[in-house]
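Undergrad: Sequence:
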Amino acid sequence: MGNKLVLIDGNSIAYRAFFALPLLNNDKGVYTNAVYGFTTMLLKILEEESPDHMLVAFDAGKTTFRHKTYEEYKGGRQKTPPELSEQFPVLQDLLDAFEIKHYQLDQYEADDIIGTLAREAEQRGDEVTVISGDKDLLQLVSERVTVRLTKKGITDVDTYTPASLKEKMEIEPSQIIHLKALMGDSSDNIPGVPGVGEKTAVKLLKQFETLDNLYEDLEAVSGKKLKEKLEANKEEAYMSKELVTIEINAPLQMTLQDTSYSGYEASAVKEQFQNLGFSSLLSRIEGHKEEEVEMISVDVKIEETITEDMLMDETALIVEILEDNYHTSPIEAVVLSNEKGVFAFSVEQVMESEIFKAWAADSSKHKWVFDAKRTVVAFKRCGIPLEGVTFDVLLASYLVNPAVNNHDIPAISHRLGETGIPSDEEVYGKGAKRGRPEEDVLYEHAGRKALMLYRLKSNLEDQLKQNKQEDLFYNLEMPLTVILGEMEHTGVRVDTDRLKRMGEELEGRLAEIEKRIYEHAGEEFNINSPKQLGPILFEKLGLPALKKTKTGYSTAADVLEQLSDEHEIIDEILLYRQLGKLQSTYIEGLLKVVHKDTGKVHTRFNQALTQTGRLSSTDPNLQNIPIRLEEGRKIRQAFIPSEAGWVIFASDYSQIELRVLAHMSGDEKLIQSFKDGEDIHTKTASEVFGVSPEEVNADMRRQAKAVNFGIVYGISDYGLSQSLGVTRKAAQTYIDAYFKSYPKVKEYMDDTVRQAKEEGFVETLMNRRRYLPDMNSRNFNRRNAAERTAMNTPIQGTAADIIKKAMIDLAERLTQEDLEATMLMQVHDELILEVPEKEVEHLTKVVKEVMEHTVELVVPLEVDHSYGNTWFDAK
DNA sequence: TGCCCCACGC
DNA sequence: GACGTACGTGGGGCAC
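Here the UniProt record's numbering is used: position 299 in the first sequence is 299, and no number is missing along the way.
Wrong hints could be hidden among the right ones.
Here are the in silico distance ranges between beta carbons for each label pair [unchecked claim]: (1) G277 / Y713: 15 to 25 Å; (2) N459 / S142: 48 to 58 Å; (3) A545 / D96: 44 to 54 Å; (4) A698 / K380: 44 to 54 Å; (5) E426 / R633: 43 to 53 Å; (6) G666 / E167: 50 to 60 Å; (7) P693 / V855: 27 to 37 Å.
No lab work stands behind these hints: they were computed from the structure.
We put the CB at the ideal spot given by N, CA and C, even for glycine.
All chains, please: the whole structure from these sequences, using the hints.
TA: This is the structure in structure tokens:
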């Protein structure tokens, strides 16, 4: 039985990590980002590969034997930044703690050490895995040698075997050096044949297999220019080949035996991690778990009866529910924590206790909770109205930093250094294994959370204050969560019969289309599988493959649309996709979540998720019900009022983001456009194309609309070029023209980016915050994405703030004016209500007033409305 | 179970 | 030059 050997290209991985991660340093001011990235990769490798032999190879310094061949080898390369060089000794210390061998050899590169050991090991029958970021290493791939190259970041890798190499690059491992010989490598200053890139090189190698064959039969090369270039640069090509060939007989002063690896002492690594400030990695150290962390001690009192003295003015309240969906899952426990202690009850106990119910309904008794909406709705289902919820740890944590993806009590506690509290997953299990534990375990866990919540509250309060987010928290998100809870609890009536009829009709049509597709294809296959569809279209039917994905041919709609004229099957597939989507997601999916008892759908709005401040919606997602295509739009016919004589009423902001942009930038022209009530896309078109508004045709308006869309969503020139189907250059000219026409917008964007760079975050009108750690990244792509986010988030986030405030104001007005109308849904810039038909006129006035004046911007906010017997008819 | 591809909304 | 590109949710296929 062979061994399992892992060889790591130390320089390459450290380099990758350094450029992929922001320039972190620890509390001693020592840079650690490369070490950190390297370590995450290392931990992943140890987990995935469980090697019994291991080595990290490093480059040995400036010159190598290759410089004798070619003095300019690696010339012109940027000097290693000192911030990175200083991390190598740290990294080697850490490897020592892991008890992983590392090695370097004078005059040789890490590649050569790896090549030499890999060849020796595979001859011995070992399984070898090579980890690097350098494609040169691919020449080592064989039946026993797998090469894993970092792709994006450090832990995301592509795995290469002979088969996958052939598939991805269309060549054999042995041809890699020939490939490089022809195309060269600018990063190592390897010349290759000038004018020959990867595409040409692959083509040539497909024809000739090797460099020798190519030069023996140069006449067979098609293209005069190419022939000349090859002829003239023969020497360079052969020298390049020599340079990129990895030495497999390097004079190593070590043997394979020396690489044997048998794990590490957890304590040694832990110590290093603590020195480096890698607290988030501590939990990934094996043995770490066994080392019992001292749990927070909690004295949970389980009482027969609930008495007044347990129910104080300020009490942390935990309602424990095992499943995500609180509309359907039962309450497992109710736990209180306050100055009198921690008390646990069953749901039956609280439902029967008049004392508890009176306390719950008393708004002067302040309850602090985690996830107020969940808590209130769950109680409501049990017939217990809950008032006086004044602090939600979830919402507070979200406002303080929306980028954090886990705001639950154990996670927040961990971040504040309190590790003595296990996560829900650790206590209840996950997936199929999740279940209710023994009563005492359940109560103890909920008790710990209640106790921690009580402590966390003041910490979060401080952070809100520091960020000037108290108003946002207490007067926006907290009141809103109550309203959202009511909307969810109310639910939306669904006409299931209608959905079923639509489903039957679709089924028939899908079957017919399916038949026709099979006829066109000449065989039956799974149309829903891109993996099967790709070869049918691009091999069997010989259609041109315009785009590829990581795993094969792209069959995305935008690709297929370009092929529409080439073959009749294309339109059939597009239609099949369109109808199939309606069937699976919107007909079957919706029917699945209609509540048995109420005949309604009860979505859950996630108020603590998006990075911009928008809501999201799940089970079902009511924010992506089709509207664009008529066929899909009919799904909306199944959303109906819950009572006879009522109608669905929809009200949406017109161009809210662009109005926000006008306000925030102060651009006079943009402001005037809105004041004058102009058609904004036509106006933009006339500006961008330099014509009068009357001269703007439909296509110009369409393009201008995409530009406005791009401005609002912060897409790049590339994104705009994709949506317009023009070149990137053309897209960029549109963007430039836009900024030239609206100079204050450009100024505002630049200011926002500058400020984000300085402060590390951007803010909305109501002080919602988003941190942008990549703002100063040296990685071009990351920095660019961060800059676009900086420009976009204040706009989208402010729009989100505004509609949230409108909802609060509207809820209040509906009560004041004694209207029965009820809010049902929010879809980012629109509100959907149900309302008795006789109230429509009154409601129209109120909704318009509230939504248009919930904030006063320098431009008017405009609201359109409509109503009808179904959501479809409210158009 | 987790990832990929695809598709729906704003 | 940078080769990947708003924010979300969900379904089906597929490899493990």
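Undergrad: All hints, please: hold or fail.
TA: Quick rundown of the hints versus the structure:
In this structure the supplied range 15 to 25 Å is violated for G277 paired with Y713, their Cβ-Cβ distance being about 37 Å. At about 56 Å, the CB distance of N459 to S142 agrees with the hint of 48 to 58 Å. Taking the beta carbon of each, A545 and D96 are about 50 Å apart, inside 44 to 54 Å as hinted. Evaluation of the 44 to 54 Å hint for A698 and K380 yields a pass: the beta carbon distance comes to about 51 Å.
At roughly 46 Å, the beta carbons of E426 and R633 sit within the given window of 43 to 53 Å. Under the hint 50 to 60 Å, the C-beta atoms of G666 and E167, about 54 Å apart, fit the expected range. Checked against the hint of 27 to 37 Å, the C-beta distance between P693 and V855 comes to roughly 29 Å, which is consistent with it.
Hint check: a violation occurs at hint 1 only; the rest are consistent with the structure.
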